[in-house]
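A.B. asks: The lines below spell out each chain.
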Amino acid sequence: MLELILQALYSGLLAGGYYAMIALGLALVFGTMRIINLAHGELVLLAAYVAFEMERSFGWTPLASIPVALVVVGLTALVIYLLIGRIRQDRELNSLILTFGIAIVLTNLILMIWSADIRSTSNSWFMDGVVLGDTLFSMRGEVIFCVIGVLLLAATYWWLNHTWQGRALRAVASNRDAAKLMGVNPARIEALSFLVSGVLATFAGVAVYTASVVFPAVGHNLTIKAFVITVLAGMGSVPGVLLGAVLIGVGETLTTTLAKPSLQELTGMVIFLLILFLRPSGLFGRKGMVKK
Amino acid sequence: MTPLLEVSGLRAGYGQINVLWDVDLTVEEGKTTVIVGPNGAGKTTLLRTLMGLVYASAGSMTLHGQTLKGGKTWDIVERGMVMIPEGRMVFPDMSVLDNLMMGAYPRAGRADWETRLERVFAMFPRLKERRGQMAGLMSGGEAQMLAMGRGLMENPQVLLIDEPSLGLAPVIVDEIFTILADLKAQGLTIVLVEQNTSRALHLADHVYLMRSGKTILSQPAAEVDLGHLHDLYFARDGGSAAVG
Numbered sequence: 377m378l379e380l381i382l383q384a385l386y387s388g389l390l391a392g393g394y395y396a397m398i399a400l401g402l403a404l405v406f407g408t409m410r411i412i413n414l415a416h417g418e419l420v421l422l423a424a425y426v427a428f429e430m431e432r433s434f435g436w437t438p439l440a441s442i443p444v445a446l447v448v449v450g451l452t453a454l455v456i457y458l459l460i461g462r463i464r465q466d467r468e469l470n471s472l473i474l475t476f477g478i479a480i481v482l483t484n485l486i487l488m489i490w491s492a493d494i495r496s497t498s499n500s501w502f503m504d505g506v507v508l509g510d511t512l513f514s515m516r517g518e519v520i521f522c523v524i525g526v527l528l529l530a531a532t533y534w535w536l537n538h539t540w541q542g543r544a545l546r547a548v549a550s551n552r553d554a555a556k557l558m559g560v561n562p563a564r565i566e567a568l569s570f571l572v573s574g575v576l577a578t579f580a581g582v583a584v585y586t587a588s589v590v591f592p593a594v595g596h597n598l599t600i601k602a603f604v605i606t607v608l609a610g611m612g613s614v615p616g617v618l619l620g621a622v623l624i625g626v627g628e629t630l631t632t633t634l635a636k637p638s639l640q641e642l643t644g645m646v647i648f649l650l651i652l653f654l655r656p657s658g659l660f661g662r663k664g665m666v667k668k
Numbered sequence: 611m612t613p614l615l616e617v618s619g620l621r622a623g624y625g626q627i628n629v630l631w632d633v634d635l636t637v638e639e640g641k642t643t644v645i646v647g648p649n650g651a652g653k654t655t656l657l658r659t660l661m662g663l664v665y666a667s668a669g670s671m672t673l674h675g676q677t678l679k680g681g682k683t684w685d686i687v688e689r690g691m692v693m694i695p696e697g698r699m700v701f702p703d704m705s706v707l708d709n710l711m712m713g714a715y716p717r718a719g720r721a722d723w724e725t726r727l728e729r730v731f732a733m734f735p736r737l738k739e740r741r742g743q744m745a746g747l748m749s750g751g752e753a754q755m756l757a758m759g760r761g762l763m764e765n766p767q768v769l770l771i772d773e774p775s776l777g778l779a780p781v782i783v784d785e786i787f788t789i790l791a792d793l794k795a796q797g798l799t800i801v802l803v804e805q806n807t808s809r810a811l812h813l814a815d816h817v818y819l820m821r822s823g824k825t826i827l828s829q830p831a832a833e834v835d836l837g838h839l840h841d842l843y844f845a846r847d848g849g850s851a852a853v854g
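Those protein sequence lines, which keep their order, are chains A and B.
Residue numbers for the first sequence follow my numbering, so the first one is 377 and each next one is one higher.
Residue numbers for the second sequence follow my numbering, so the first one is 611 and each next one is one higher.
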């Protein structure tokens with residue numbers, strides 16, 4: 377039994393790596409624009425299907441398809457950004473309707489092009505088993521993308537804290553008018569946050585395709601999961617996002633092991649409600665941030 | 611000589627609500643212009659309008675003879691005009707150092723941000739001690755100094771300062787006015803909005819009084835009669851308003 381629990385913890389930890397990538401992208405855009413991009417999970421899904429198409433048509437490994445996916449997802453993110461830019465009134469509220477609509481369009485486009493079948497990589501190298509300490513089992517793809525996820529998160533964290541643009545992004549998220557007074561053009565920073573969010577979504581999408589399975593309805597699920605993690609973390613905290621992602625990942629795998637897989641989603645929501653009840657500003661959020 | 615900053619007939623507000631009705635203001639280079647007036651007179655709105663944060667619906671405003679109307683805040687900053695908002699507008703979840711570095715964000719500032727930082731630390735030694743601290747954890751006085759230091763990091767030619775003494779202990783207010791006097795002595799053009807009339811008058815070359823969104827008095831500081839100014843300030847209009 378202990379072995380099973382340890383295995384569940386380990387698998388949950390690995391899943392946390394790509395959950396964190398998805399959630400951080402959502403959090404960055406929310407930080408700068410006060411917008412929840414409900415099509416974020418579909419961007420992740422799009423990257424996954426690009427990887428699928430490259431593998432099916434040209435036999436590329438998922439890693440090789442990342443540059444192509446970056447272009448496709450980056451352009452799509454840009455289109456979403458430009459569409460949001462056309463909202464003239466009540467951007468916070470109307471953007472929800474807009475991005476929800478975009479999500480539906482993207483899901484159905486994916487359904488039209490790639491059908492509703494469940495897809496996953498057929499590249500056996502990524503599916504080879506990796507055994508840790510004789511007992512903990514995982515696929516090579518899971519480990520690789522968990523490491524990539526953590527590295528990307530660390531890179532984003534460094535970028536936010538040690539570059540002019542990263543600092544400007546935090547400044548815009550913190551106080552928009554004050555940021556303008558520092559010579560920052562918030563529109564450029566918003567576009568930048570969308571772009572970084574797209575990069576994170578791309579890697580996450582290829583990770584999901586390699587380490588798990590995808591089908592068109594997954595995008596919606598991922599958006600909700602990313603939103604839950606972001607709120608858990610307390611908006612805008614990178615370490616918080618990582619912790620929240622691991623928490624959700626572990627919660628889900630433990631449920632699968634100890635109860636049954638169909639209760640997975642429920643566990644995530646229960647954790648979510650519990651933490652909101654106990655710490656309304658999130659795990660890493662400061663008091664008073666809730667008021668925003 | 612054309613004035614550095616000139617405003618005439620300015621009208622501005624938020625959406626349907628008009629705040630500034632008819633504002634005239636002339637700021638000479640190297641001089642300190644003080645704007646006093648009661649709460650809600652539109653002093654802060656005037657500064658925000660000059661910086662392009664509030665939309666100006668009528669009138670004109672020029673910096674170095676070129677219009678500011680329709681200008682974007684970030685462009686105006688690059689043209690040399692900087693506003694120091696009240697201390698509560700620091701970035702609370704960023705460190706003191708990161709806050710200061712934001713002042714050097716415009717391209718021209720990035721090259722010599724370290725020199726500028728040394729200068730600001732020399733003026734505000736306390737910021738140097740606290741540079742790793744989150745700005746949101748500072749006291750009101752420290753936050754005000756941070757806001758000032760951050761504004762000075764932008765290397766302004768014209769400095770707009772919004773109520774630097776608001777809600778601060780007298781000792782801190784002394785410190786802040788000493789620094790303002792230093793900046794004035796260095797030849798910086800300053801537009802200071804203050805409710806602390808007597809304090810501000812010591813610093814002023816020229817004084818404006820605003821009430822209900824209008825400039826109702828404009829006088830060289832030397833000619834200002836504090837009693838008369840207070841009468842106007844508190845709307846105890848016995849005498850006629852002297853409009854300069």
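Because the hints were derived from the structure by calculation, they are not lab data.
Beta carbons are placed, not taken as given, at the ideal position from N, Cα and C, and that holds for glycine.
Careful, some of the hints might be misleading.
Stated by the list, open to error - These stretches of chain B come out as covered by chain A in the derived footprint (C-beta under 8 Å, 3 or more residues):
id: 1; segment: 699–708
id: 2; segment: 767–776
id: 3; segment: 833–843
Unchecked claim - Simulated restraints on C-beta separations:
id: 4; chain 1: A; residue 1: 513; chain 2: B; residue 2: 750; range: 39 to 49 Å
id: 5; chain 1: A; residue 1: 654; chain 2: B; residue 2: 639; range: 35 to 45 Å
id: 6; chain 1: B; residue 1: 750; chain 2: A; residue 2: 462; range: 34 to 44 Å
id: 7; chain 1: B; residue 1: 750; chain 2: A; residue 2: 454; range: 17 to 27 Å
To be verified - Computed cross-link-like contacts, EDC-like style, restricted to lysine to aspartate or glutamate with a CA-CA straight-line distance of at most 20 Å:
id: 8; chain 1: B; residue 1: 679; chain 2: A; residue 2: 566
id: 9; chain 1: B; residue 1: 682; chain 2: A; residue 2: 566
id: 10; chain 1: B; residue 1: 682; chain 2: A; residue 2: 431
A.B. asks: Decide, hint by hint, whether the structure agrees.
C.D. replies: Now for the hints, and whether the structure bears them out:
For the segment 699–708 of chain B, the stated coverage by chain A is satisfied: 7 residues place a CB nearer than 8 Å to a CB of that chain, which reaches the threshold of 3. A count of 0 residues in the segment 767–776 of chain B with a Cβ less than 8 Å from any Cβ of chain A is obtained; the coverage claim is therefore unmet, three being the minimum. For the segment 833–843 of chain B, the assignment as covered by chain A is violated, since 0 residues bring a beta-carbon within under 8 Å of that chain's beta-carbons and 3 are needed. Between residue 513/A and residue 750/B the beta carbon distance is about 57 Å. The supplied range of 39 to 49 Å is therefore violated.
For the hinted restraint 35 to 45 Å between residue 654/A and residue 639/B, the CB-CB distance of approximately 59 Å leaves it violated. Between residue 750/B and residue 462/A, the C-beta spacing of about 41 Å keeps the proposed range 34 to 44 Å intact. Range check, residue 750/B to residue 454/A: about 43 Å between beta-carbon atoms, so the 17 to 27 Å window is missed. Under the criterion of a C-alpha separation no larger than 20 Å, the hint pairing residue 679/B with residue 566/A is inconsistent with the structure, at around 25 Å.
Under the criterion of a C-alpha separation no larger than 20 Å, the hint pairing residue 682/B with residue 566/A is consistent with the structure, at around 16 Å. At roughly 48 Å between alpha-carbon atoms, residue 682/B and residue 431/A are farther apart than 20 Å, so this suggested pair is violated.
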